[in-house]
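Residue 100 in the working numbering sits at position 109 of the sequence shown; the count goes up by one each step and never skips.
Do not take every clue at face value.
Below, computed lysine-lysine pairings styled on DSSO-like, alpha-carbon distance capped at 27 Å [as the list claims (entries may be wrong)]:
1) Lys113 x Lys76
2) Lys18 x Lys106
3) Lys76 x Lys106
4) Lys23 x Lys90
Think of the hints as simulated: they come from the structure by calculation, not from any bench.
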Amino acid sequence: WHLFKLKGNDNQATLDQVKAAKEWWDKSPLSKNIALQEAFNVVNSNALAQWTGYGITLFHGANYTDVYHEAFHGFTQLYLTKEQKAALYNEARKVLGQKLSDFEVEETLAEDFRKYVLSDGKKVLDQRPERNTIFRTIC
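Turn these sequences into a full structure, and let the hints steer you where they fit.
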């Protein structure tokens, strides 16, 4: 998959949150296996950030809190089996809507993870126990 966070999506964050995100990434076990490229000067992309099999890229308009979103993609795509991803997506559909594609569920979960981390684990997960476990695992 080629997964990306499009411009126009919320990525507001305080300077402290951006600094904390950079520190989180530098210490995260995910950073040992997923490359991160800062391409903040690239303005001809319609994405703020992207994850591919080659790693994470942050484009113009992104900030380090977008790493949370992309790191979620890295975790699900590199560390979960197909069966685990299917179970995660199917559980999420119970809350998000049955007609969502795997791609739509993945993107929603990735942004939920960003919100989860930015809220110190207080937001988003009220009805989503399996995801809460996965979010805590990634953190």
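Taking the hints in turn, this is what the structure says about them:
Among the hinted pairs, lysine 113 with lysine 76 is consistent with the structure: their alpha-carbon atoms are about 24 Å apart, no more than 27 Å. Simply put, lysine 18 and lysine 106 have alpha-carbon atoms about 19 Å apart, close enough for the 27 Å limit, and the pair holds. Taken as a hint, the lysine 76 and lysine 106 pair is honoured in the structure, with Cα atoms around 20 Å apart against an allowance of 27 Å. At most 27 Å may separate the alpha-carbon atoms for a hinted pair to count; lysine 23 and lysine 90 exceed this at roughly 35 Å.
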